[in-house]
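K.L.:
Now for the letters of each chain:
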Amino acid sequence: MDWKYLPIFPESASNFSPHIDALYAYLVTVSAFFSILIAVVIVVFAFKYRRKSDSEIPVPLNEHGAGSMLLEITWSVIPLLLSLVMFGWGAMIFFDESKPPADAMDIWVVGKQWMWKIQHLEGAREINELHIPVNRNIRLTLTSEDVIHDFYVPAFRTKTDVVPGKYTTEWFRPTKVGEYHLFCAEYCGTKHSGMIGTIYVMNANDYDAWLSSGGTVGSMSEKGEALFQQLGCVTCHQSDGKGRCPKLVGLYGTNVELKGGATVVADASYIRESIVNPLTKIVNGYDGIMPTFQGLVTEDQIQQLIEYVKSIGPKSAAAAAGAQAGTPKNNPGAAANPARGTRP
Amino acid sequence: MASHATVLRHHFENGEQQKEASSLGMWVFLLTELMFFGGMFMAYLAYRQAYPDSFAAASSKLNVTLGMCNTLVLIGSSLTMALAVRCAAAGSGKKLVVLFLILTLLLGGVFLGIKAKEYHDKWIHHEVPGANFHPEDWPKNVDMSHASLYFGLYFGMTGLHASHMVIGVGLLLFLIIRANQGAYTPEWHTPVEMVGLYWHFVDIVWIFLFPLLYLIDPNFGRQ
Amino acid sequence: MLTATRAPERPSSYLTDGYGLKSWLLTSDHKRIAILYLISITFFFFIGGIFAALIRLELATPAGDLLESDVYNKMFTMHGIVMIFFFLIPSIPATLGNFLIPEMIGAKDLAFPRINLLSWYIYVFGGIFVVYVLLTGGVDTGWTFYTPFSTSYSNTKVMAAAVGIFIAGFSSILTGLNFIVTIHRMRAPGLSWFRLPLFVWAHYATSMIQILGTPVVAVTILLVAMERGLHIGIFDPALGGDPVLFQHLFWFYSHPAVYIMILPSMGVISEIISTFTRRRPFGYTFIAFSSVAIAVFGFLVWGHHLFVSSQSVYAGMVFSILSYVVAIPSAIKVFNWTATMYKGSVELSTPMLYAIGFIGLFTIGGLTGLFLACLGMDVHLTDTYFVVAHFHYVMVGGAIMGYLAGLHFWWPKMTGRMYPVLWSKIAGVIIFLGFNLTFFPQFILGFLGMPRRYHVYPPEFQVYNVLSSAGATVLGLGYLIPFIYFMWSLKYGKPAGPNPWGATGLEWQIPSPPPTENFEVTPVVTVEAYEYHAQEVVEVG
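Chains as they are written, first to last, in the numbering used here: chain A, 1 to 344; chain P, 345 to 567; chain D, 568 to 1108.
Chain A extracted, bound-state conformation (with noise of 0.2 angstroms):
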């Protein structure tokens, strides 16, 4: 059915191209189908009741003209079902992806014009490439520091939209080793058609192999734990909670208590907005005195950062200790880094 130069099916590379390709072929049926239908219908009909003459005129088909209530729910309710049917697929699907597993690899993604810069937790940085190991769980999370753009991978069949201001996430299983082109799928500009690369899917040997070579000088988190000293964060933040501002030890994932009585949970984007906003949400109990940083650190700091109030959190050593432990199946080649990222 493929032919080299008339393609049909992209490859099929995570865990979610096999059922995004079935439901495209029912999709394809159903559209098929009826597609087919009203045009030999159409067809037949233009022939078979072909104007003979000049003056015929038709009789009605009933008293009211033409009308029958019973097709008229018939050819309602029939494509209402085939339609929820598409729906219900369809919503699962999307559901999971919007669910990323709890073991998933997290690797930090900037989006600008015009490319992607990508961090992997170990410290290894890569432009417009995303070297990852076949059959493990990956989450993304992305972020623009200038305009939207859109993260996709055909061969994935996922993609989402890089929005500055907000991190977004993608989550999928490569299932298969192999090159993939990636795509800024978000009109951006002018090289927007240039601000594609490639996936490297690699098996677990060669991913480590990859990711101890290229010579990276510390992890996201070391290198979050430069920034916090090096920007003076830890003047204010510091880890016993005397300073004049909230502990950040403990603190990720953890609920915080907001001036005015509302709560927020601790995640990447509260921190990322605390950084660069952070008159925003006060924390109950302390004075809005804390500086913004925007402008003062890049995006790709902000998730060195992150990674690094992560690495303080409470569950870090408890998920040090489940990440070499029983891992999922389909998990060979476990973690080789003990730093690696914890639940969300």
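Incorrect hints may have been included.
Some chain D residues well away from chain A (every beta-carbon gap over 10 angstroms; in silico) [claimed, not checked]:
(1) S579
(2) S580
(3) D584
(4) L592
(5) I617
(6) A627
(7) M726
(8) V880
(9) V946
(10) T949
(11) L1000
(12) P1018
(13) V1030
(14) G1060
(15) K1061
(16) E1087
Derived pair list, reagent style EDC-like, types lysine to aspartate or glutamate, alpha-carbon separation capped at 20 angstroms [unchecked claim]:
(17) P:K466 / P:E480
(18) A:K281 / P:D561
(19) P:K484 / P:D561
(20) A:K247 / A:D287
(21) D:K1058 / D:D584
(22) A:K52 / D:D632
(23) A:K112 / A:E126
(24) A:K117 / A:D300
(25) A:K99 / A:D267
(26) D:K910 / A:E257
(27) A:K48 / D:E914
(28) P:K484 / A:D287
(29) A:K117 / A:E129
(30) D:K910 / D:E1098
(31) P:K438 / P:D561
(32) D:K992 / D:E914
(33) A:K166 / A:E179
(34) A:K191 / D:D637
(35) A:K247 / A:E273
(36) A:K117 / A:E72
(37) A:K191 / A:E129
(38) A:K191 / A:D146
(39) A:K112 / D:D637
(40) A:K259 / A:E273
The hints are simulated quantities; they were obtained by calculation from the structure and are not laboratory data.
Since the structure is predicted, the reported quantities are computational estimates derived from the model, not experimental observations.
Glycine is no exception: its CB is placed at the ideal position from the N, C-alpha and C atoms.
Given chain A, work out where chains P and D should sit, using these hints.
P.N.:
What follows is chains P and D alone, placed relative to chain A:
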């Protein structure tokens, strides 16, 4: 022209059809205006819900007294407008109709004058988004980064409203001139009614604008 | 009751009632205003078509060898802006709707003739801004103006383009307002709602959308202008704004806008199918109500453009299911049109060929919309060529085919002339084939993963792109042919009588072309709509 009982346009069958068409037309137009203002109201509500403190602090910089004044002025002008319509319908004589229309116009002018003063105050206090934007006396500990959002929406919403007032003033001038010529009779005074509808609508928009923009928390940040 | 007679020697009509530019530019006659619109939208169609030609020419090769990236980006942006706001949205309502609605309801004109003329001037004024943008460097934000690119990053004529669209929107609003009041208040005696032609129902539903939706995009554009000029921070995250809020506000109008573009076409198709099968449309009431249902539900689905935008999953579910609901009324129409042909007396005239083509292409376009309404599927397909193919199938295969069908159907009424029938059928077939060759390969390209708005692309996508560009050439030539013979027919076409097709409807009872006041005496309607038995149809000269 002034001596005809009605001014029937040639494509209408009769005066009643013409009047009903004019009336429905104005109501449909006001519906479009509702959607027009509605878009900005939605944006305002979305951001107010997201940044309540910022909006409260920015809003407290508005002069509630002037705003209240404007509200009363506009309600008064709706009264005089309604009286103008009533006089035209009751055939109370063109002098009364013209009087009430002029009063409406004057009250509308007062509103615009007060608005101009408010805008001027904002300008000199650097509260107009743009190159010169830096509000003063901001309460401590309150997020100021969304102040330009508040003020931008303030100018957008009140500016849109004010431009509708200006158009209303123009329509009133037209009515005054025509009324003075005796064009409006109990049998036909449709333009007066239609402008009345428009004027009341613009008034109602202000009734929503005023509490939303001015009355969030006038004492915010002050103990 | 209705006999078609040989056309008399050219008596006075709206075309001859006053000569000279002033009589046209200051007219209040809805028919003349319709012709003014016809000329201007044809002008914009050709401009939009030139952009399309350049796009397809560039895309025949994977590399960017014809145009610079910046220029290419302006091409697709301006193609979209011109085609959507200055061609499709006015097309049928402002030409056929303006011309026919008063006649179909037995009125002498629309409720507000001078506002009708004003709406044309407003449209032209908006169009002048667009021409200005064209001549002074263009705009490159995409017709969708997503922020913050359009507010904070683009260096092109965004403001001027925004102002032009803002102004043109008021033209649309005034047209809708005029139609609503006219249909409510100016129907001839005896013409109850359920005796109205379905064309009128379609325009009523369209007008509902125009008056409710357009003001929202107007205010959205105003906010974009304020952001660009004053940096108030409404859509710029650096100033605390939310770029996705723009998308909600924009699509709140722009989704219903697509129904503004298709509903009038559906009205045309109902008239044509009925005439050329000599049957009342099957399920008349259902077709009428489905137009209104589409208008109402059309306002509830805008979030299906935001499935991958960071909108919440639960909102996505709501919008997805509503998007399926809005598809059902369209399906009802297609089935009813097909059923109308059952045991009808079918004549494959040119309008009928276009109408049948419409049904086929709109069905495909509509069904592919179901792919996009499907959440998981849309994640893969959104922002790819699949979407481009889908909307061109419904907008071009649907709306434009319907527009051409209507022009071919009512041309004799509007001009008093017939066009050459053989050429019209040849053109129709060329357009149908060219269209499918252009856009069907794009479905495949989209599923393969080719994103939209791409200036350069990986070489493995080339073959389908070449097929598509070849199709575009055929399609372009196909569109030229009607333009030529319509112009030709104005001088050399066979004179047409009042009712060359043997159709029902009040517009076919008055001369072709009609006199300025349409009806000397207001008709009184005593029969149901599409009452073919009430007429004896005789061969027309």
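K.L.:
All hints are to be evaluated individually against the structure, with a verdict given for each.
P.N.:
Evaluation of the provided hints:
Every CB of chain A is more than 10 angstroms from the CB of D:S579 (nearest about 31 angstroms), matching its label as outside the interface. With a cut of 10 angstroms on Cβ distances, D:S580 stays outside the contact zone with chain A, its closest approach being about 27 angstroms. At the 10 angstroms boundary, the C-beta of D:D584 stays outside the reach of chain A, the nearest C-beta of that chain being 34 angstroms off. With a cut of 10 angstroms on Cβ distances, D:L592 stays outside the contact zone with chain A, its closest approach being about 40 angstroms.
The claim that D:I617 lies off the interface holds: its Cβ sits roughly 21 angstroms from the closest Cβ of chain A, which is beyond the 10 angstroms cut-off. D:A627, annotated as away from the interface, keeps every beta carbon of chain A farther than 10 angstroms; the closest lies near 15 angstroms. No Cβ of chain A approaches the Cβ of D:M726 within 10 angstroms, the least distance being about 17 angstroms, so the stated non-interface status holds. The claim that D:V880 is not at the interface with chain A is violated, since a C-beta of that chain comes within 10 angstroms of its own (minimum 5 angstroms).
The claim that D:V946 is not at the interface with chain A is violated, since a C-beta of that chain comes within 10 angstroms of its own (minimum 6 angstroms). Non-interface status of D:T949 relative to chain A is broken: a Cβ of that chain comes within 10 angstroms, the nearest being about 7 angstroms off. A cut-off of 10 angstroms between C-beta atoms confirms that D:L1000 is not in contact with chain A; the least separation is 15 angstroms. Against chain A, the non-interface label of D:P1018 is violated: not every CB pair exceeds 10 angstroms, the least being about 4 angstroms.
Not every Cβ of chain A is farther than 10 angstroms from the Cβ of D:V1030; the closest lies at roughly 5 angstroms, contradicting the non-interface assignment. Distance check for D:G1060 against chain A: the nearest CB is about 22 angstroms away, which clears 10 angstroms, and the non-interface claim stands. With a closest Cβ-Cβ approach of about 17 angstroms to chain A, D:K1061 is found to remain outside the 10 angstroms limit, as its non-interface label requires. In this structure D:E1087 is separated from chain A by more than 10 angstroms, as the shortest Cβ-Cβ distance comes to about 28 angstroms.
Proximity of P:K466 to P:E480 is assessed by CA-CA distance (about 11 angstroms); at most 20 angstroms being required, the pair is judged to hold. Our distance criterion of 20 angstroms between C-alpha atoms is met by A:K281 and P:D561, whose separation comes to about 19 angstroms. Of the supplied pair hints, the one linking P:K484 and P:D561 holds, its CA atoms being roughly 16 angstroms apart against a limit of 20 angstroms. For the hint linking A:K247 to A:D287, the alpha-carbon distance of about 14 angstroms falls within 20 angstroms, and the restraint holds.
With a C-alpha separation of about 18 angstroms, the suggested pair D:K1058 and D:D584 falls inside the 20 angstroms cut-off, and the hint holds. With a C-alpha separation of about 56 angstroms, the suggested pairing of A:K52 with D:D632 is violated against the 20 angstroms cut-off. Distance hint between A:K112 and A:E126 is fulfilled; the C-alpha atoms sit about 14 angstroms from each other, no more than 20 angstroms. The straight-line distance between the Cα atoms of A:K117 and A:D300 is roughly 8 angstroms, inside the 20 angstroms bound, and the hint therefore holds.
Distance check on the hinted pair: A:K99 and A:D267 sit about 15 angstroms apart at the alpha-carbon level, within 20 angstroms; holds. The hinted pair formed by D:K910 and A:E257 fails the criterion: a straight-line CA distance of about 73 angstroms is larger than 20 angstroms. Restraint check for A:K48 and D:E914: the C-alpha separation of about 11 angstroms stays at or below 20 angstroms, so the hint holds. Note on P:K484 and A:D287: the hinted pairing holds, with a Cα-Cα distance of about 9 angstroms set against a maximum of 20 angstroms.
At roughly 8 angstroms between alpha-carbon atoms, A:K117 and A:E129 fall within 20 angstroms of each other, so this suggested pair holds. Pair hint D:K910 plus D:E1098 holds up; C-alpha atoms about 16 angstroms apart against a cutoff of 20 angstroms. At roughly 46 angstroms between alpha-carbon atoms, P:K438 and P:D561 are farther apart than 20 angstroms, so this suggested pair is violated. Distance check on the hinted pair: D:K992 and D:E914 sit about 13 angstroms apart at the alpha-carbon level, within 20 angstroms; holds.
Taking the CA atoms of A:K166 and A:E179, the gap is near 29 angstroms; set against the 20 angstroms cutoff, the hint is violated. As the CA atoms of A:K191 and D:D637 are separated by approximately 8 angstroms, the hinted pair is consistent with the 20 angstroms bound. Under the criterion of a C-alpha separation no larger than 20 angstroms, the hint pairing A:K247 with A:E273 is consistent with the structure, at around 16 angstroms. For a cut-off of 20 angstroms, the pair hint linking A:K117 to A:E72 is broken: about 55 angstroms separates their Cα positions.
For the hint pairing A:K191 with A:E129, the CA-to-CA distance comes to about 17 angstroms; that is within 20 angstroms, so the pair holds. Taken as a hint, the A:K191 and A:D146 pair is honoured in the structure, with Cα atoms around 14 angstroms apart against an allowance of 20 angstroms. A hinted pair counts as satisfied when its Cα atoms are at most 20 angstroms apart, and A:K112 with D:D637 qualifies at roughly 17 angstroms. For the proposed pair A:K259 and A:E273, the alpha carbon gap of about 16 angstroms is at most 20 angstroms, so the pair holds.
In summary, the numbered hints that this structure violates are 8, 9, 10, 12, 13, 22, 26, 31, 33, 36.
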